[in-house]
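Enquirer: Sequence:
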Amino acid sequence: MSLKLYLAGPEVFLPNAREVLDAKADMARAYGFEPICPGDVSIEPAPTRHEFGLKISAVDEDMMNRADGVIANLTPFRGIAADVGTAFELGYMCAQGKLVAAYTNMTANHFVRTREFYAGDISEGADGRKRGPDGLSLEDFDMIENLMLHGGIERRGGHIAVHAADADRLYSDLTAFETCLSVLAKRSAA
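The sequence shown begins at 52 in my numbering and counts up one residue at a time.
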């Protein structure tokens with residue numbers, strides 16, 4: 052029986068979402084996994100946008116409940132960090148003790164991206180912590196993403212693949228995704 056992998060990430064927002072999701076699902080099958088992709092099911096209409104959002108949330112949680120593990124795309128989305136929905140999904144799967152892996156198509160770690168957000172205007176506070184011009188402290192742990200996401204994966208023995216994708220393929224380059232599939236396939240065969 053093949054493991055079911057929930058494929059989390061911001062791909063559902065892309066103009067070519069179906070194409071990218073189908074490519075990820077095909078690759079997962081080629082490695083012997085059964086993919087579960089957000090966007091693969093139709094959701095009944097609801098009387099309000101709010102109620103429709105609740106239906107989508109319930110369907111996605113049901114898909115995660117049926118999955119044995121997750122591969123989460125943590126490539127920064129609409130800012131310096133991973134898509135917030137993907138972050139929730141990764142945390143949800145970690146909390147359930149499921150198999151976790153993640154990837155990013157950007158090699159700059161979380162601190163570097165935050166420093167760039169502040170255009171390098173970083174100082175050391177009286178407490179010895181690095182701070183932005185707004186006084187907020189910065190995480191500087193040499194981790195690819197927020198310490199809770201990166202740490203949650205690593206402490207559970209999960210794999211994090213890092214790849215430098217071209218800017219125009221930031222969300223469609225599947226090199227690091229395939230690395231995760233390869234690592235998980237080897238682990239499940241052992």
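Hints listed in this document are in silico derivations from the structure and should not be mistaken for laboratory results. Accuracy of the hints is not assured; some may be wrong.
[Said to hold, decoys possible] FRET-style restraints, in silico, Cβ to Cβ:
#1 Leu-105 with Asp-219: 20 to 28 Å
#2 Ser-93 with Gly-179: 34 to 42 Å
#3 Ala-177 with Leu-65: 43 to 51 Å
#4 Glu-167 with Ala-240: 38 to 46 Å
#5 Arg-238 with Leu-105: 18 to 26 Å
#6 Asp-91 with Arg-129: 21 to 29 Å
#7 Ala-177 with Arg-80: 49 to 57 Å
#8 Ala-215 with Ala-74: 18 to 26 Å
#9 Ala-109 with Arg-164: 31 to 39 Å
#10 Ala-159 with Leu-105: 34 to 42 Å
#11 Pro-96 with Arg-238: 19 to 27 Å
#12 Asp-193 with Phe-103: 21 to 29 Å
[Claimed, not checked] In silico PhoX-like cross-links for lysine-lysine, where the CA-CA straight-line distance does not exceed 25 Å:
#13 Lys-149 with Lys-181
#14 Lys-237 with Lys-149
#15 Lys-55 with Lys-149
#16 Lys-106 with Lys-55
#17 Lys-237 with Lys-55
Note that the Cβ used here is the ideal one computed from N, Cα and C, for glycine as well.
Enquirer: If a hint holds in the structure, say so; if it doesn't, say that too.
Expert: We went through each hint and held it up to the structure:
Distance hint check: the CB atoms of Leu-105 and Asp-219 are about 35 Å apart, inconsistent with the given range 20 to 28 Å. Checked against the hint of 34 to 42 Å, the pair Ser-93 and Gly-179 fails, with Cβ atoms roughly 53 Å apart. Between Ala-177 and Leu-65 the CB atoms are about 44 Å apart, so this pair conforms to the stated range of 43 to 51 Å. Taking 38 to 46 Å as the suggested C-beta distance range, the pair Glu-167 and Ala-240 conforms, at roughly 40 Å.
Taking 18 to 26 Å as the suggested C-beta distance range, the pair Arg-238 and Leu-105 does not conform, at roughly 35 Å. For Asp-91 and Arg-129, the Cβ-Cβ distance of about 23 Å falls inside the hinted range of 21 to 29 Å, so the restraint holds. At roughly 55 Å, the beta carbons of Ala-177 and Arg-80 sit within the given window of 49 to 57 Å. A hinted range of 18 to 26 Å holds for the C-beta pair Ala-215 and Ala-74, which are about 19 Å apart.
Between Ala-109 and Arg-164 the beta carbon distance is about 33 Å. The supplied range of 31 to 39 Å therefore holds. Separated by about 36 Å at the C-beta atoms, Ala-159 and Leu-105 satisfy the suggested range of 34 to 42 Å. The hinted range of 19 to 27 Å is not satisfied by Pro-96 and Arg-238, whose Cβ atoms lie roughly 41 Å apart. Checked against the given bound of 21 to 29 Å, the beta carbons of Asp-193 and Phe-103, roughly 41 Å apart, lie outside it.
Between Lys-149 and Lys-181 the alpha-carbon distance is near 34 Å, which puts this suggested pair outside the 25 Å criterion. Taking the CA atoms of Lys-237 and Lys-149, the gap is about 17 Å. The hint holds against a cut of 25 Å. About 11 Å separates the Cα atoms of Lys-55 and Lys-149, which keeps this hinted pair within 25 Å; it holds. In summary, the hint linking Lys-106 to Lys-55 is supported, as the alpha carbons are separated by about 22 Å, within the 25 Å threshold.
Between Lys-237 and Lys-55 the alpha-carbon distance is near 15 Å, which keeps this suggested pair within the 25 Å criterion.
Checked against the numbered hints given earlier, the structure breaks hints 1, 2, 5, 11, 12, 13 and satisfies all the rest.
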